[in-house]
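**Q** For this one, chain Y is given, so just place chain V on it according to the hints.
For the record, the sequence lines run as chains Y and V.
Residue numbering for the first sequence follows the working numbering, beginning at 1 and increasing consecutively.
Residue numbering for the second sequence follows the working numbering, beginning at 1 and increasing consecutively.
To be clear, the hints were calculated from the coordinates, so they are not data collected in a lab.
There are no misleading hints in this set.
To give an idea of the interface, some chain Y residues facing chain V are shown, with a C-beta separation under 8 Å as derived from the structure:
hint, residue
1, V50
2, Q58
3, I65
For glycine and all other residues, C-beta sits at the position ideal for the given N, C-alpha and C.
Spelled out, the chains give:
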Amino acid sequence: MCDKAYDSVMTNEVYSSGSRHFGQTGPKYEVELMTTSQSIFKINASETDVEKIVADIQASVEKKIQEGVYADARIARAERSNLVHLKNEEQFLGFYLTCLRDAVFVDISDFDIRERRQGFAPILVAFKKIVWKLLKFYTYRLWVQQNQVNGLIVTAIEGVDEKNAAKIKQLEARIEVLEKEKS
Amino acid sequence: MGTTQHIAFIVPRFSEEGVLGGAETLIRNLAEHTVSTGRKVTLLTTCAESHFTWENTLPPGKKQVGKLSVEYFPVDEDRDISSFLRIQTAISNGGHFTQDDEKAWIRNSVNSQALYDHLRDHGGTYDRLIMGPYLFGLIFYASQIHPEKTFLIPCLHDEPFAYLHLMKEMFETVSGFLFNAKPEQDLACRLFHIPKEKCAIVGMGLGPFHVDPSAFANRYQLDKPYVLYSGRREPLKGTPLLIDYMQAFRQRTHQDVKLVFTGSGPIDAPPELEPHILDVGFVPEQEKHEAMAGARAFLHPSVNESFGIVLLESWLAQTPALVHAKSDVLQWQCRRSGAGLWFKNYPEFEQELNLLLNNKGLNKEMGQDGRNYVIKEYAWEHVEQKLLSAFD
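Isolated chain Y, as found in the complex:
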């Protein structure tokens, strides 16, 4: 699911959005979005407007987050050591929770057991199947409980976040009314 989302972003949104000009630092600066997968920006400049590039990327990321493009368990895992830097980012918590929702459950389903090595493949596959069955037998209850705990924690955090957001919205509306009354 996530890979498809990624591909569609790269091909449809960034590369097919046609020609665009960014803000310049000087008359020589020109950046153009291209339609090929190899060249996003065409540079014809002696000075690169990195502020504009970053601002454009931030806007693009914000849009894609809203579209759910980055709702990916792998991003939730990747952000674990960055959370301390993001605690003041208002919108980020919502995005992170979406990613976390995807990552929260340990996959305990059966899967296709294969063996790449020729020769003893049938024996090795049979052996691996026995190992997997044993592992599953002894750890299934543990993982089910862990998944319940993980799910409940995320639900609780989402609940607190939603409650806080509603409360803030309510207070903002109240302030607006009070300010109007005052003026």
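**A** Same frame as chain Y, now just chain V:
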């Protein structure tokens, strides 16, 4: 004020081989270049080499190291390390601690009574005492002996330790500051009452170099594009974040890009990423510069930087950078140079790295901008001028 003739540089560690952290490297370089200007320079340091154990492994006494006259003093061995660590943990985690705890923490930090005695007995022979970085008992106590002639090179970061009462005491009593970058000075002025006339932004000079960009890849038989991190590997430097991001980047984009490390410290990577990591450890400067020149991007995920020596070196190697947006200093360097992009979360990192990997024109342009910037802003003549005008 007249020309200062005898200057002491004080730094917690000094290595003849030069294998130390950024702050020590910076202070050593400034000391060596001050010698070149004809001033008498003495470097005062401890006998410790390891910043983990602080064991006295070097003999005390005077030694001539290149142009520098170095004097080593033993670290006090009566530290109460468990108290130190307990309070340090409380400070860094935002826990409860009192002003007495702060005093106990600094008392049990790295100290050298022998060095303090030397400053009390011979401090009068020095016109200036230049010392740093700020986060050591050694610097705190040394700065209080002759504050009227003390200049701090604080290498200040926005971290819990910067908010201690002790730091306020130190910053508000010394005679002047040599900052590495404007955001660092702004932070100091925000945290402490420091008159602007006491501040100078000096930084460190870097000499341009020319290396073969394909040499590193040839030496290690790297046939895929790679990105580079140079320096200590530890959570404070953001290396766990870098590993997590590169793992996600490879999985999501299916681009075969390798991650190269130079420097020291453990790398804790998931097994799937390990085959795509090349850790060459400490390498000679020439090899590090070759690694930089061949990289598609230099990655600097640290948020605790006051200057960014390796970032500037990567620009001299004409390699653009990706830095963490939470580092005001690194972001400031990128904005001024036009040679780096900054990210605050994974999605921004993914798009920016994609751009630097796949757009050769932009990559080359930014690399060239970086080199021009460092040559213009951090030429030694320029830095020396700022340094001496701050002293005098």
